[in-house]
Amino acid sequence: MKKTLLISFMVLCAAACNVAGPADPYADNLCMVGVTAVFPDGYEDAVHEGIAITAEDISLGSRYTLPSDGQGHAELMLPKGMYRFSVSDIQEDDIFNGTLDKVAVKAGGRYSIALVRSRKGALVVKEIYCGGCLKLPEQGNYQADKYVIVHNNSLDVQYLDSLCIGSVYPYNAVSTNPFLSQDPDTGLDVLPDFVPIGAAVLRIGGDGTTFPIQPGEDAVICINGAVDHTVNYNLSVNLNREDYFVVYSETDFNNTQYHPAPGDKIREDHHLIVVSKLSGANAYVLSINSPAFVIYKARGKSIEEYCLQSDMVTDIPGAQSAGRVFHLPFEWVLDAVEVFDGSASNNKKRFPSMLDSGYATLSESFLGHTLMRKVDEDLSRSMGFEYLSDTNNSSQDFYESEVQSLHE
Amino acid sequence: MKAKYSHCMNRLAGLVAMALVATPVLLEAQESRVMSPYERTVRENFWLEMSNPAGIRQDTTLSAAYAELYGKGAYNAFRTMSESANPWTAGAKAEALVHMKRFSLAGSFSFSQEWMKNCCGSMANVPGRYPVDVFEFTPGMKLRQTYGIAGSVSVDLAKCWRAGAVLDFRSSNCAKRKDIRYTDYSLDLEFSPGLVYHKGRLSFGFNYIFDKSGETVTAEQVGSAESSYYAFINKGLCFGRQEIWTGNGVHLNEAGVSGFPIRENSHGAGIQLQQDRLFFALEYRHASGLAGEKQSIWYRFPGDRIDLRAGDIISSGKWSHRIALGASWMRQSNNETVLDKVSENGVTTTVEYGSNLIFRRTVLDADLEYSLTDGLHTLDLTIGAEDERTSASQMFPYVVDQDILGWHADAGATAQMGIVTLHLGLGYHGGGFTENMRSTTEDSGVQTSLFRLEDWYRNDMEYRTADRISAALAARVMVYKGMYLQLDADALAAFGLKVMKGRSCRAGACLRIGYDF
Numbered sequence: 001m002k003k004t005l006l007i008s009f010m011v012l013c014a015a016a017c018n019v020a021g022p023a024d025p026y027a028d029n030l031c032m033v034g035v036t037a038v039f040p041d042g043y044e045d046a047v048h049e050g051i052a053i054t055a056e057d058i059s060l061g062s063r064y065t066l067p068s069d070g071q072g073h074a075e076l077m078l079p080k081g082m083y084r085f086s087v088s089d090i091q092e093d094d095i096f097n098g099t100l101d102k103v104a105v106k107a108g109g110r111y112s113i114a115l116v117r118s119r120k121g122a123l124v125v126k127e128i129y130c131g132g133c134l135k136l137p138e139q140g141n142y143q144a145d146k147y148v149i150v151h152n153n154s155l156d157v158q159y160l161d162s163l164c165i166g167s168v169y170p171y172n173a174v175s176t177n178p179f180l181s182q183d184p185d186t187g188l189d190v191l192p193d194f195v196p197i198g199a200a201v202l203r204i205g206g207d208g209t210t211f212p213i214q215p216g217e218d219a220v221i222c223i224n225g226a227v228d229h230t231v232n233y234n235l236s237v238n239l240n241r242e243d244y245f246v247v248y249s250e251t252d253f254n255n256t257q258y259h260p261a262p263g264d265k266i267r268e269d270h271h272l273i274v275v276s277k278l279s280g281a282n283a284y285v286l287s288i289n290s291p292a293f294v295i296y297k298a299r300g301k302s303i304e305e306y307c308l309q310s311d312m313v314t315d316i317p318g319a320q321s322a323g324r325v326f327h328l329p330f331e332w333v334l335d336a337v338e339v340f341d342g343s344a345s346n347n348k349k350r351f352p353s354m355l356d357s358g359y360a361t362l363s364e365s366f367l368g369h370t371l372m373r374k375v376d377e378d379l380s381r382s383m384g385f386e387y388l389s390d391t392n393n394s395s396q397d398f399y400e401s402e403v404q405s406l407h408e
Numbered sequence: 409m410k411a412k413y414s415h416c417m418n419r420l421a422g423l424v425a426m427a428l429v430a431t432p433v434l435l436e437a438q439e440s441r442v443m444s445p446y447e448r449t450v451r452e453n454f455w456l457e458m459s460n461p462a463g464i465r466q467d468t469t470l471s472a473a474y475a476e477l478y479g480k481g482a483y484n485a486f487r488t489m490s491e492s493a494n495p496w497t498a499g500a501k502a503e504a505l506v507h508m509k510r511f512s513l514a515g516s517f518s519f520s521q522e523w524m525k526n527c528c529g530s531m532a533n534v535p536g537r538y539p540v541d542v543f544e545f546t547p548g549m550k551l552r553q554t555y556g557i558a559g560s561v562s563v564d565l566a567k568c569w570r571a572g573a574v575l576d577f578r579s580s581n582c583a584k585r586k587d588i589r590y591t592d593y594s595l596d597l598e599f600s601p602g603l604v605y606h607k608g609r610l611s612f613g614f615n616y617i618f619d620k621s622g623e624t625v626t627a628e629q630v631g632s633a634e635s636s637y638y639a640f641i642n643k644g645l646c647f648g649r650q651e652i653w654t655g656n657g658v659h660l661n662e663a664g665v666s667g668f669p670i671r672e673n674s675h676g677a678g679i680q681l682q683q684d685r686l687f688f689a690l691e692y693r694h695a696s697g698l699a700g701e702k703q704s705i706w707y708r709f710p711g712d713r714i715d716l717r718a719g720d721i722i723s724s725g726k727w728s729h730r731i732a733l734g735a736s737w738m739r740q741s742n743n744e745t746v747l748d749k750v751s752e753n754g755v756t757t758t759v760e761y762g763s764n765l766i767f768r769r770t771v772l773d774a775d776l777e778y779s780l781t782d783g784l785h786t787l788d789l790t791i792g793a794e795d796e797r798t799s800a801s802q803m804f805p806y807v808v809d810q811d812i813l814g815w816h817a818d819a820g821a822t823a824q825m826g827i828v829t830l831h832l833g834l835g836y837h838g839g840g841f842t843e844n845m846r847s848t849t850e851d852s853g854v855q856t857s858l859f860r861l862e863d864w865y866r867n868d869m870e871y872r873t874a875d876r877i878s879a880a881l882a883a884r885v886m887v888y889k890g891m892y893l894q895l896d897a898d899a900l901a902a903f904g905l906k907v908m909k910g911r912s913c914r915a916g917a918c919l920r921i922g923y924d925f
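In order, the protein sequence lines correspond to chains A and B. Note that the working numbering numbers the first sequence so that position 8 is 8, with each residue one more than the last. Each position in the second sequence, counted from 1, maps to that position plus 408 in the working numbering.
For reference, chain A alone in the conformation it holds in the complex:
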């Protein structure tokens, strides 16, 4: 009897241990942080209540958004992690964006996001097709059919003459960025005060008015072959069309798989000019899963003159064999689109907030998916042409389409 009671008591003791853990498992791991959106000089009065302040866990993808108070401040309770804080506020024609990337939050942390004012651009990137497609019915993947579409998003005629395209280094969003420095006060990563253009400096030719683009019209720039890719791979696109531009140079990009001779419909004056070849690759480099792409025009003097300046073209720190980069000033940028690899975590921003405060996501390569800028239906109706969304925040402006717009 005593033995039975003893054993039963011990089992009951064990059962008492089998209780649920703490009611709040987050209690010991939460950090209360304060985030303040700081408007630029001259626009301090633009601060208002209800500015959306977003914190996104870079590794896990969880996202928290809270509205600010009247001073642009919000208190967020976040579990430990590496976060990207972002603010986006549109007031009539002014766009205020700001981003703080790779912040390891700690309890009591106070973070200020300096907002940058920008205006909607005239020329914008409408589509980036970089992910390639399947070779069906054959096996394998095909990625030599990349292209970009530029769109005139204004009421005025724009000219593509001397328009430059750029692929930002590092080419992939998950790669280590050698141009980062650390803020001595906060320890946060700081992007450089220029956009490091890799691969090559390319521009469209013309004398200034050779290549007009009407309001609402598009211009296709073939990053790889301007040929009919559908002859061999019917999930690809036909890029052998009149008025398409192409990255082609027999001397600088002699990889015929990625840069075959352009099709018969492509005019020679539509070949982009290689102003400066920055890497030893035999093909132009644009990431298949996470490019950072930019269009720009030089100011003051020609891009050729700038490329001759030693302070404008420098080696890549710690990776001289990877080539050199061109220091693109922020003011020259007409539009910038940051793309993150949807199949990876730890994507990192390469553009500052003033150029692109968010990112578009390409979920998977080799599926024929493309990144498209959204159409602003209301403004399109009022303006009478296709008007695209432009908030300088690719998270809001872009979506992933399952088929290329040029696919027939």
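Any given hint could turn out to be false.
Computed far set for chain A versus chain B, every beta-carbon distance over 10 Å [unchecked claim]:
(1) Thr210
(2) Gln309
(3) Pro329
No more than 27 Å apart at the CA atoms, straight line, and that leaves these computed lysine-lysine pairs for DSS-like [as the list claims (entries may be wrong)]:
(4) Lys501/B - Lys620/B
(5) Lys135/A - Lys586/B
(6) Lys297/A - Lys135/A
(7) Lys135/A - Lys120/A
(8) Lys509/B - Lys567/B
(9) Lys120/A - Lys301/A
(10) Lys102/A - Lys567/B
(11) Lys301/A - Lys277/A
(12) Lys102/A - Lys702/B
(13) Lys120/A - Lys374/A
(14) Lys567/B - Lys480/B
(15) Lys480/B - Lys501/B
(16) Lys749/B - Lys106/A
(17) Lys120/A - Lys277/A
(18) Lys106/A - Lys586/B
If you are wondering where the hints come from, they were derived from the structure by calculation, not from laboratory data. Each residue gets a CB set at the ideal place from its N, CA and C atoms; glycine is no exception.
Given chain A's structure and the hints, the job is docking chain B onto it.
Then chain B, alone, in the frame of chain A:
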């Protein structure tokens, strides 16, 4: 009839029992078994069910050994998503217990090869053992080879003192041959030295327990496919992250780390008390586990475990009554670390910024056994229950609490008639679970939601908790001297199924050829 384990296999039994408790394999139909003279000898000594090797000289004075080859086939319509519908196994096993004048030895050896067709799901050797697991979704042939070797010794040091030590080693190699193809190498090692003080009718034992286990999953894709292969990292209750298998989130292809390594070390101690045949033992283990290697430690999972065993053997004429109570309690938590790769002067290092608690579970289970035997006829009765409570907290502010309750009752009868021994077993298992998702605050501003592998979860929960009855039949024939031929057959039928409608049965058969020394 529940399988009985020698002292060399008791830890592995505990391991398997813990995995059984923690995984959908809990309420499986028991394998039919006719006890050999070795197992009957071992059963007389409760010390052999615990981890103190010095106790192998307690109670039993008879030496016994056996060796056997076996082949098993099964049809598993009612199964978890990670099991094969038609597994085949072939193996060899030998166990021995030898008593000499001043010392005793026990040893075992085992090898098995399993063929599992159309298998996918968990890449782990024992799904559910660790709190984090990776799944893949392309069914293919999976092969597993398992090797086990154990040896223990107990020596009389003085008139009232015995010392002993045991070393138990088990390794398993698993390979899947279809993309995403992978290999999984696992290793389990336990070492335990112990002492027993015995005087008259009283005995007291103490032992230290060290356990080291680990496994590494290495995945690769050899061929090409129409679309990329996905993998899912299960961080608890089938919540986690699903992405392309090379993605950083599932950790199968992370730069600087070889595969998906996971390991656990535990330290513990046990005490045993015995008066006459009344036996009581308590063991405690504290485990520290981690997933990852070098600077990239993705998860840390500490745990504790308490095992209790009490029993008595009462002889009444030619009949012997054996009563045993077993209970275990374990708790485990998992913390996900916050890592960042920092580059300085071209050198990239991984920095850890703390961790978040994402998973906790506690499991309590208890079994009561009664056995009546006269050597030729045996009746076994077992009842048991299990309570597992789990809480997943992977995305603030969401918390998912789950409580699984299971119970079982088994009865078995064995009769020896000349050279033939027959066994019949019946069992009933039942269970249920509740789950509740809550939010610790309404002011978090969360915009995203948890991802769960819903179909897999519902299937595996039904497997764990559905009511079922099982039956087992075994016949052993002594062919020549100690050589025997044995055929086991078992079947299980589950009922009340909603997810696995039409897939309610399991059946298996095993042919054994062995020799009792």
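Hint check:
no. : hint                : in the structure
1   : Thr210              : holds (43 Å)
2   : Gln309              : holds (26 Å)
3   : Pro329              : holds (25 Å)
4   : Lys501/B - Lys620/B : holds (23 Å)
5   : Lys135/A - Lys586/B : holds (22 Å)
6   : Lys297/A - Lys135/A : violated (37 Å)
7   : Lys135/A - Lys120/A : violated (39 Å)
8   : Lys509/B - Lys567/B : holds (13 Å)
9   : Lys120/A - Lys301/A : holds (24 Å)
10  : Lys102/A - Lys567/B : violated (68 Å)
11  : Lys301/A - Lys277/A : holds (19 Å)
12  : Lys102/A - Lys702/B : holds (22 Å)
13  : Lys120/A - Lys374/A : holds (14 Å)
14  : Lys567/B - Lys480/B : violated (47 Å)
15  : Lys480/B - Lys501/B : holds (14 Å)
16  : Lys749/B - Lys106/A : holds (18 Å)
17  : Lys120/A - Lys277/A : violated (31 Å)
18  : Lys106/A - Lys586/B : violated (45 Å)
Of the numbered hints listed earlier, those contradicted by the structure are 6, 7, 10, 14, 17 and 18.
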